[in-house]
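Enquirer: Each chain, letter by letter, is given below.
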Amino acid sequence: MLFSDVFAGGSPMSFESSGDVILAQNLGKRYALGASSYRRLWDQLIGREGNTDYFDALTGVNLRVAAGESIGLIGHNGAGKSTLLQLLCGTLNPSHGSLQVNGHVAALLELGAGFNPEFTGRENILFSAALYGQQPQQIEQHMQEIIEFADIGEFIDQPVRTYSSGMYVRLAFSIATSVKPDILVIDEALAVGDGVFARKSFDRIMQLKQDGVTLLFCSHSLFQVEALCDRCLWLNKGQVMALGPSAEVIAQYNDWLAQSAAAAQPPQVEGNVPLQAPLAATGLARISSLQALCDGASGKVLYARSGESELAVDIEFDTDPQLPVPNLALMVYGADGRVLCSTGTWIDGVTLQRDANGHGRASLKYPRLPLLKGVYTLSAYLMCERAVHVYEAVSHFASVHVSQSHLEQGVVSIPHQWQAH
Amino acid sequence: MGTSLGWVWAFVSPMLMLGVYTLAFKYVFKVRWPGAGEGAVEFALHLFAGLLVFQAAAECWGRSSRLVVDQPHLVKKVVFPLALLPWAPVFNALFHVGMSMGLLLVLALVWGVQPHVQWLLLPLVLFPLGVLLWGGSLLLASLGVYIRDLPQVVSLILSLLQFLSPVFYPVSALPPALQPVLGWNPLTVFIEQVRALVFSGALPSIQMWAQSLMVSTLLAVLAYAFFRRVRGGFADVL
Chain A
-11 MLFSDVFAGG SPMSFESSGD VILAQNLGKR YALGASSYRR LWDQLIGREG
39 NTDYFDALTG VNLRVAAGES IGLIGHNGAG KSTLLQLLCG TLNPSHGSLQ
89 VNGHVAALLE LGAGFNPEFT GRENILFSAA LYGQQPQQIE QHMQEIIEFA
139 DIGEFIDQPV RTYSSGMYVR LAFSIATSVK PDILVIDEAL AVGDGVFARK
189 SFDRIMQLKQ DGVTLLFCSH SLFQVEALCD RCLWLNKGQV MALGPSAEVI
239 AQYNDWLAQS AAAAQPPQVE GNVPLQAPLA ATGLARISSL QALCDGASGK
289 VLYARSGESE LAVDIEFDTD PQLPVPNLAL MVYGADGRVL CSTGTWIDGV
339 TLQRDANGHG RASLKYPRLP LLKGVYTLSA YLMCERAVHV YEAVSHFASV
389 HVSQSHLEQG VVSIPHQWQA H
Chain B
3 MGTSLGWVWA FVSPMLMLGV YTLAFKYVFK VRWPGAGEGA VEFALHLFAG
53 LLVFQAAAEC WGRSSRLVVD QPHLVKKVVF PLALLPWAPV FNALFHVGMS
103 MGLLLVLALV WGVQPHVQWL LLPLVLFPLG VLLWGGSLLL ASLGVYIRDL
153 PQVVSLILSL LQFLSPVFYP VSALPPALQP VLGWNPLTVF IEQVRALVFS
203 GALPSIQMWA QSLMVSTLLA VLAYAFFRRV RGGFADVL
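Protein chains in written order, with the numbering used here: chain A, -11 to 409; chain B, 3 to 240.
These are computed hints drawn from the structure, not numbers from a lab. Accuracy of the hints is not assured; some may be wrong.
[Stated by the list, open to error] With a straight-line cut-off of 27 Å between C-alpha atoms, the simulated DSS-like cross-links for lysine-lysine are:
1) K188/A with K168/A
2) K168/A with K78/B
3) K78/B with K225/A
4) K353/A with K288/A
5) K288/A with K225/A
6) K197/A with K168/A
[Claimed, not checked] A few chain A residues facing chain B, derived, Cβ under 8 Å:
7) Y19
8) L33
9) E98
10) A101
The structure displayed is predicted, hence computed values, not measured ones. Ideal Cβ positions, reconstructed from N, Cα and C, are used throughout, including at glycine.
The shape of chain B in the complex, shown without the other chains (with noise of 0.2 Å):
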């Protein structure tokens, strides 16, 4: 609230980034992007396909450690449903994943990707990552009360998850035995989806979204269980 810029920003920083990491990678490291061709943009459209996915991911968890703890108020003052609050890093999140994957669409259509009729399916596919960032968002929220380090440690952790998500690389690219460590981060799955959606046109099987959302919803009810049993503490630590 108040940036007089607004929602410019949702696609200003992600272009800077995907300048800075397409002329890091692409023509300082001469990384190639396996079975996508020479040519920097398509390095480029594929590495912004990961990255838009894991930004949200980064946006959302990294405020939520410290959701509840800045407002103390709304914990110690009035009674506020505190559940609501995740809901904030959530919607802002989802807005700047459809601002980003608006502008991949446009960019992929302008260098020759064809256009998919299952492009219109990519809220449905993303649908259980937003059940995940909730989740997770909850869970770092009611930590965070009682863990006062939780931002540094999130923090550190998702710097690390950067690399451990396919987002400069795609899963195939890594030897077959580390594959399966990789499918352990919650993100791959929805990133693989993503780049196999916008540029192949691929939607995952109904059994592996089903998965997907099975899995972020249980995550998401054992989220909002762990806060309901530690939510009466939050007074007395704050």
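The shape of chain A in the complex, shown without the other chains (with noise of 0.2 Å):
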């Protein structure tokens, strides 16, 4: 133990003095595979690890993260991401090497998992914070706040078996964040709840995030991860495959997701997007109509000439008036499901118009298509402000089919000159 101290260059002391909040070194969780429970007692109780088959969870993990950094963790399901998550929550116990936590852990995985569903809101909100390791009138001090904020009326009062499971999470978000914690660790979504909730409980991370809170971040959703976090983390079968700036790895990590031929499926067009009433004062903010035109002709299937064709996108969209002014995106995929390129209004610094009811409309054109022949969907994003939380995804609401005059192969004409010399 303490010779492992030594070469990795310092000891528990200068962990905790040093403003790092985790420690991995070779952290590794192994479970035992068809053992008995009477084998597994006896291995425990002497100390050992028996000579039963094993699985591998995740070995191997060396991660140092200072205070308020945001750390992404990447990869597909099964490599071990969640155990890691689980690890550092204090939930598992590592099976080697050695992890320190320096700080209070915030967890925003399975919410509401400790909830005792006899108890009403109110006394799972005492329950939870003693968990927490808060004194009582550290929590008389926060009830009225984590009421407030999770909004769910007098069902407070009620037994949460009761509950549906939006004010379930509510509650439990409430709870979890409402004392600033030093880490917070989030799976999967940024955003909890629906609608309105779901912009609250982004903000407030936001605002977590900003107020120098360590965030581990993990989630399938890559642009949100690289739009977050200064390093990320790429598990894959509980391996290390690479940790380091994220915009690297997550390059990285998709090289390798369209080489796993496997992963590749053909995307699926879906349904019309409904129009529906404006969105006064609710909070909310959506897609509300969605067209695809190729050279005038919309549809959901599109036919166009490489080079020659006009692509264009007429999105309309309503929004809260009270909410900031939203970005629209859009995403053009192959026909494997690899984005081959992607456009947003934050990017290309244009600022959306709403009239007084939230109203707006915009429209994106491709002239002269330079896809070359090929089958290929779009999917259009209406996102918040700062072009993290997205309040609606239309995925692949359109294909276009691609044809060519010419033999040039590939998937994409980049602008280009020839000179003879």
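Dock chain one against chain two, each of which comes alone in its own frame, and use the hints as you go.
Expert: What follows is the structure in structure tokens.
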């Protein structure tokens, strides 16, 4: 133990005083497969590893996180992301290596899992807050704030088994984030609940990040990881594939995804977007109309000629006028489901316009479509002013079949110039 | 939680048990309590004094092997100090002992048993029992995670223990050769002490009391050490 600390370049004391909040050294989690529980009890008692079959959910993770840093966690399902998060939260014990966590961890994993269904909302607040190690008077201070944020009305004095799943996560989120944690662990979603609460919870998470809370964010939404996290840890089958600046690691991960052909599924074009009434003062935002046109012809399946046709997308959106001006984004996918290119109003420096009801429209044009022959699909996103929180995503709303009259090879024709000397 | 009669059950169930046992042993089998006269009430009171101690252990330990197993979310989802869990059944059992004890003393007074000032020391005499219950409960709760048949085994042992504890008879009624065997049952000493204190005001000697406290504490410490040792594996088995 001591020797390993020396070789790792520091003792626990220096970790405490270094301002770092997480230090994992050769961290691993191993599950015994098939061993009888009697056998496990015996192994546990004499403190050894039995000689049965093992499954390594996580091996050899070395990670040092400074206070205030944001770390993204990416990888396939079963890569060990959740195991790592559970180790950090202390609900799992490491099988080997060491893990030191300096500070109070708030986990947005399986929100409300610690609730007792027979207790009322108020009693569960007391119970959960006590689990977070708060003193009774501290809890009393925060009680009103938690109840107001959760906004579940008089249900607060009903047993939580009577709650809808929405109320359940609202209360749990409110409890978990009411006292500023040192480390915030987020599994998958940057926002919880639906509609207004989703936006509210997203704002609170952003506020915590701004206040210097260390963030551990595990998600399949790579653009969100890249937008929020300084560094990124890519796990595959329990092994660390890469750890480094988010943009680099995500680029490597994308390449790797494209190579594993098994993942390639042609995207399916989905249904229509129904037209809806304006969203006055609801705190919501949504795409109300979405249409793709190719040379003036609209539809879910479009036919275009490479280098000649004009592809256009008309988007209408409705927002609560109180919300900040949102952003729109469009992604173009290849037949293998890989993102070929994307664009967003915030990237191009465009500010959307809205009328007094919060209604707005925008159109995007690709003149002389530079895509080469093949089938492509389009997805549209309505996003918050920071372009991180997604109000609404309409995935693969149209497909474009591109044909070409020449033999140019590839996916896209990049603007180019020849010069003969 | 949530029962509409609440603490009334703490009176009703011991009274019913007492009635049935008295009927069976006194009137059907014609058992006579050695040294306590002929009456049915004397028999019932002596039986009750033993029964309330046994019931406390049975209630507490009968639930204990499921304590952790029934609440896997406290192991896997949140960081919960699991060693707190046994306090619930222990306090529940001690509450019932208190209720039953009050009932016993009232019945004893009504029947003309002479009150003793030493009765006030009953809580102190039973203190080591609380420690014993807690240790046993924590041990069973830890074992129960790994041994899923434990609740069945415990209920079997408890039903045997009811007859292997001096509940329906005093230790002195056994053949002298068998009496030390009963001494291995940790409940024996408490049952005998409660009877002696209630019916003749006899306090256990300081040595006796200290000894049972030491044994109970040792068991509780061992149970806690065991719990600490195996707790790390809970999440893997649940």
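Enquirer: So if I understand the rule, the pair passes when the alpha-carbon distance is 27 Å or less; does K288/A with K225/A pass?
Expert: violated, 39 Å
Enquirer: Can E98/A be said to touch chain B, with a Cβ gap under 8 Å?
Expert: For E98/A, the interface hint holds, since the closest Cβ of chain B sits about 6 Å away, which is under 8 Å.
Enquirer: If you draw a straight line from the CA of K78/B to the CA of K225/A, is it 27 Å or shorter?
Expert: holds, 22 Å
Enquirer: Within 27 Å, alpha carbon to alpha carbon, are K168/A and K78/B?
Expert: holds, 23 Å
Enquirer: So, Y19/A near chain B? Judge it on the closest CB pair being under 8 Å.
Expert: holds, 6 Å
Enquirer: When the nearest CB of chain B is found for A101/A, is that gap smaller than 8 Å?
Expert: Because about 4 Å separates A101/A from the closest Cβ in chain B, which is inside the 8 Å limit, the hint holds.
Enquirer: Hinted pair, alpha-carbon criterion (27 Å max): K188/A, K168/A. Please report holds or violated.
Expert: The hint holds at about 16 Å.
Enquirer: Given the hinted pair K197/A and K168/A, is their Cα-Cα distance within 27 Å?
Expert: holds, 10 Å
Enquirer: Interface hint check: L33/A, Cβ to nearest Cβ on chain B, cutoff 8 Å. Holds or violated?
Expert: For L33/A, the interface hint holds, since the closest Cβ of chain B sits about 6 Å away, which is under 8 Å.
Enquirer: Measure nothing beyond the straight line between the CA atoms of K353/A and K288/A; if it is 27 Å or shorter, mark the hint as holding.
Expert: holds, 17 Å
Of the numbered hints listed earlier, the single one contradicted by the structure is hint 5.
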